[in-house]
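Enquirer: Work out the full structure: start from the sequences and follow the hints.
Residue numbers (full-length UniProt numbering), protein chains in the order written: chain S, 1 to 528; chain V, 1 to 337; chain P, 1 to 337; chain G, 1 to 309.
Any given hint could turn out to be false.
[Unchecked claim] The list that follows gives simulated cross-link-like pairs (lysine-lysine, BS3-like), each with its CA atoms no further than 25 Å apart:
id, chain 1, residue 1, chain 2, residue 2
1, S, LYS414, S, LYS362
2, V, LYS139, G, LYS216
3, S, LYS298, S, LYS362
4, V, LYS143, G, LYS216
[Claimed, not checked] To spell it out: a stretch of chain S is covered by chain P in this simulated footprint if at least three of its residues, at any positions, have a beta carbon under 8 Å from a beta carbon of chain P; those stretches are:
id, segment
5, 309-323
6, 372-380
7, 391-402
None of these hints come from the bench; they were simulated from the model.
A quick note: this is a predicted structure, and the numbers were derived from the prediction, not measured.
Idealized CB from N, CA, C, for every residue including glycine.
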Amino acid sequence: MQPPARPPLRGGRPRALAAAAALVALTPISACAVANSDDTGTTGGGEGTLRIVLAQEPPTLDPCDASLTATGAVVRSNISEPLIERDPTSGELEPLLATEWHRTDPTTWRLDLRSGVTFHDGQPFTAEDAAFSIDRAVHSDVACNVDGYVFGGTELDVQTDGAAALTVTTAEPDPVLPLRLSFIEVVPRTTSTDAKVRTPVGTGPYAIDKWETGVSIALRRNDSYWGDAPAYPRARYVWRSEPSVRAAMIDNGEAELSAALNPEDATEDNSVAYPNNETTALRLDGTQPPLDDIRVRKAIGMVIDQGAIADVLFAGLADPAAQLVPDGVVGHNADLRAAPPDFTAARALVADAADDGVPTGKRISLIARNGQFPRVSETAEALQYQMARLGLNVRIQMTDSAAHLEYQLRPFPKGAGPVALLIMHGNQTGDGAFTTSQYLLSDGPQSTFGTAALDERIAAAGALSGDRRQDAFAAVFAAQNDDVAQYVHLAHMRGLLGRSADVRYEPNSATGDELRLADVRPAHRKGS
Amino acid sequence: MTVPTPAAPPSGAEPALEVENLSVDLNTASGTVRAVDGISFAVRKGVTLALLGESGCGKSMTALAVAGLLDPVAEVAEGAVRVGGTDVLRLGRAERKRLAGPVLSIVFQDALTALNPVQTVGAQLGEPFRIHQGLSRRKAREKAVELMRTVGIPEPRARARSYPHQFSGGMRQRLLIAMAVALGPDVLIADEPTTALDVTVQAQIMQLLADLQAEHDMAVVLITHDLAVVAERADNVAVMYAGTVVETGPVHEVFAAPGHPYTRGLLDSVPENVDRGQRLRSVPGSPPELTAIPAGCVFQARCPMARDRCAEERPALTPAGPSRAAACHFSEELASA
Amino acid sequence: MTATPQDPGPTAQDPGPAPQDPGPAPQDPAAAPRPAPRPARWWTLLGGDRFAAAAAVVLGLVLTAALLGPVLLGDAAERQDLRASLRPPSLDHGVLGLLGTDVLGRSMLARLIDAAGTTLSVALPAVVCSLVIGSAIGMWAGYHGGLRESAAMRVADVILSFPSLLLAVVALYVFTPSVANLVLILAITRIPVYLRTARAEAAELRSRLFVDAARTFGAGSGATIYRHILPITLPTLLTVATVDFSFVMLTESSLSFLGIGIQPPDVSWGLMVAQGRQYLQTAWWIAVLPGVAIVITTVSATIIAAWARLATDPAQRWRLTAPRARRARANRGETPS
Amino acid sequence: MVTFLRKRVVSSAIPLLFVVFGVFCLARLTGDPVNLYLPLSATPEQRAEFAAANGLDQPVLVQLWDYLGQIARLDFGESLRTGQSAAEMVFAAFPATLQLAAVTMLIAVAGAVLIGCAAAYRPNSPADRVCSFLSMTAASIPDFWFAIMGVLVFGVTLGWLPTSGVTGGAEVWVLPIATLLIRPFGVLVQVVRGAMVAALTAPYTRVARSKGASEKRVVFGHALRNAAMPALTVAGDLAIGLVNGAVVVETIFGWPGIGKLMIDSVLQRDFAVLQAAVLLTAVTIFTLNILIDACYALLDARVRQAAPA
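Expert: In structure tokens, the structure reads:
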């Protein structure tokens, strides 16, 4: 992710040489100290340190990449903060670094900013910083992940209005601009616009103390924080990709909080379940026979036993789904419920299609990603087995993220044949527009096909607000099930947060993306 | 055929090596079998005794039993091995090791595998001095060079730094002999010392052994299957068959008038003992499996003279004259034939 | 005078108990002129070694399962029943429920049998391919030496330097994932092992006399390698191959752990262990049973390989007899025939 | 010896180029990193821009040529994932793996020599049978299974050891090394045992005994040196496997080594890091091979005198 100016890190070569020399010199004698290890005691914590174990090391800590799961868990609301935040439970927007916002005309929003806030490096937070942060995320060369994620191609113009106010102008009217802005983390205007920063500065309750590559990230409390001081003076992140090891670390008192545990390892003492807003579904490629026949697609939907999959494979940590968004997201249709499987009817549909010359025996690739969610390969096997009972020829293909993305995103790979892609969609924004534009539009980036009728409904719904917006998107989801059937929904998932008995913390639907350390308190008996 | 006269040395009353009723058992998949069955012989200093027999008759196993080098699957079942009057079988391991080299030594066949391929010959030849005399590496090396000169290795100082594979077969056998006689043992067992060598080299090696025997006044047990070597180099002979000694005596007497049909058969198979134009005879058949040793005479299956008695009763090794003995019911009949 | 006809030739080996081995199998080749008294009865030897016999039975069962499993099982290994998820091993649910069920309610017993076939169809071809290719190149390189040897060795270095997981990712995500691709990768990554072993042995043999002799008689290099180098190198290579057999199974399992091994719905023991690891605390049988299957199969293969190596090597065969060491001693001459 | 080393170092240059070439091409076969690094909703223009910025739009041969030029200047590029210098990341991760592998091999070799010799001294005795059986079992246990069992038993149930991580004293080394050790140890015990059985029954051993050499001298002075050759070959292969394959251990225990870095960069299509990591391990493996061959020559005169390969 380099800017076009090619050599951005001009110290690379001498450092590499020095490292090589050091390596040669050290290897034989340093057999008792791992490189990068520090000496902060056996569990690496110490009194007053909150220890969190993630599933993987964050690739960067740049706040503009905070929509990456591992990065967000560390950065969001801990190191840097957005102007506005969305309450994950109520779905309402709450003030943070902006105290107030309103629409001054259809394309312009004005935000009043909080005063008396300083960055970790002592600089005061001003409107210039806020404008800079938006500009950096959307316009700079840093290739910010958040840019495409929430702004797509939206044109923005940001102006400061004194030190404590900001106006944002969009080319088209944008009713959910404040929601979009809630994804932008504020950084000081001195932050690089050429490259991502490794140790970002923010206004959050914690500041980065030390990032030992491959080993840990240590945070310390920001004592000049504008809000309530967090309970723990220090925090330390480590990462283990094996869920059982993460669970073992909670059990063994080596960590207080852990990302995603597996149901098998979870006990009441070491974990707590929470709805993580993720929904699993099977996306059927409606452009390829036999999946181009709606009877075949609907038959698949009828034969899949969502209830059993949710109960057995997801260990009850899921609810059968009938749409892509869970309750709490604008557009969720409470009337859509997963029906129990109906093998006979499904079989009849497929037979019908076969009679009409649909090549139902053609091989369908069922593609899933390793590590997508716990027991993903078992889930794929269950789906394959259930689809095979219909007489469909289904072959499982497990992939890694990169290969899965090839199938997930337009342009789709050529010559792949009919594909049933196991997807997991998490709508972090709380609004059905994000889901529908991605997954349901005929030319949506993650949609294989659609209908003109549905496209129109989606466009119309996007311009509405309030209850009408809710009803319109709910109708869109119902229409997908009745008229399009691109998706066979599996379940609304719940995550498992590893939590030791030493801390108090209630996860919410945003916990997977942002883990607010300031909300973590020691349990009544003081943590050891 | 010249036979050296067994010159009894002054201390001759006491044999240097005396083996009495030695039996060795082998543990096999199908049970324990007796590979060496109650054999006895004695050698005095300066005298060479040949243990003669086909391969598999137990002669090498006898040598290993005497030297205390049996593999774990074999064990001495009974008997005594007296070296200078002491029964070494009753000695502890450490005491026995103290004798190995200065008192009792052994030369193996196939010198290529008997020499350690990854050590210089100098180090290997010096080892006995380091073990038994506690010499330093350097002094042991000096001794090794001296030994190499004694056994006729040219340029010994330079070649002491060489490895076994850099020597010819004859030279390697010389090295092995040098190693065995390094500490001037009283008893030297030579196990087929010339088998792997060509004829001219064989003669040189045998001569070297004879010279060293004279020099150190050693008792030599020469294990061989080669009648010619026995005839030329040994004073006494013990003929072995299927784990037993079937005949003993001075070489010239035994060869002149064998007292056992097996000895007779062996001698008849040698070309020089056969008239021109006559077919070479060999002993028909093969020795019995050790698991299937018959109840009576061990040789009965191949014996031209076998009778009913042979199947029932095993002949004991009975004296026939002052220095001879044979294990045949009909040895007198054979001698008179 | 020359040696008697029955005597060992000049290349006779170790005079220890080996050639005198009275085991029921044919005697040592030194006694070759003798007609072999009995045909080779390897099963007797096998029966004599309880460990080897048990190992042979285990391997036989695994092979039978792999070959006949699909026929006998029908779709039992695929049949899912989410209501029967994670049943522990018990006698309550018929034969198929004997070893419990996995999370999808499939019979563990049926899956283990089904997986035996896949596991072997990955491990065996991978081992055989790498063995054949690696040994051929290695012996060729070692026999010729020089530039060809250097080139082959550097090729081996290059292969060794490639992370096998990169190859696995390429094969899985670029080409269609299949057992054949996995075999190919495992075979390629294991070639250097055989290449290096075969080269070392061939280079050593190259210098030995008999190869020189074969060469001067005008034999082509291929023929010489086949006739003179291969037979001597083979035992070592086969031993390496047996050790590799377990390595290949474990690598396949590790690749499954990283998500790049055998892909469901195909199932191998390695994949079962990898998938079952998450149930170690709640449903031990899912990961432990296939793990045990891997362990006992590879241990059996190793035992059989060690046994076969001894049994086919006359100089070593007597070792097979050791465990029966202290049997009741047979009396002299009374061992049943 | 010096000529030998010089020759070997020089003759390793071309194979190393092959490694670079091979990894470069194989890596690009695994697909395009662009999707991974841009948000799902990025526009085609954004994707094209990203590809151009990272040189991924060029034909592979052009990319390779550029890369070779970079390497010649000792510039290994930057990580797509972290933006750090690839060389820096690789050099930071490598010592952790090297230390782990070195300690493991030391223990494996020392332990295998002791146990292998003891087992071979009385072949087929009950003790030997037990040793052989345990070592064979050890060599066939899946490492990740062993690792997770170790974490559950020693970390959680007994609480004797930390479950994972690198911070702390000697105790953090126990489980990773035990996991890494189990297979090499099992294999080496068998190899040493086999070689020692052969060496202890070789005629030269009998000769050494006939000189009155003590059993210690026979075993360690005569037999072991002969048995060292096959053991060294296998130990070398195992060590190479460790340098190249500590992935599982590093993944489970969060050990910041090169194996983990490599699998991550494969899965993340982080080509610069992958290439640098493979190149560094290749150099290490080549060096290791040269050292092993040098050891052969030191151990055995026959090798020394034959023309070195």
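Enquirer: Confirm or reject each hint.
Expert: Hint check:
1. S:LYS414 to S:LYS362: Status holds; Cα separation ~17 Å.
2. V:LYS139 to G:LYS216: Within the cut-off at roughly 22 Å; holds.
3. S:LYS298 to S:LYS362: Within the cut-off at roughly 17 Å; holds.
4. V:LYS143 to G:LYS216: Holds, at roughly 23 Å.
5. 309-323: holds (count 4)
6. 372-380: Coverage by chain P holds here, the residue count being 5 at a Cβ distance below 8 Å.
7. 391-402: holds (count 6)
Violation of the numbered hints given earlier is absent; every hint is satisfied by the structure.
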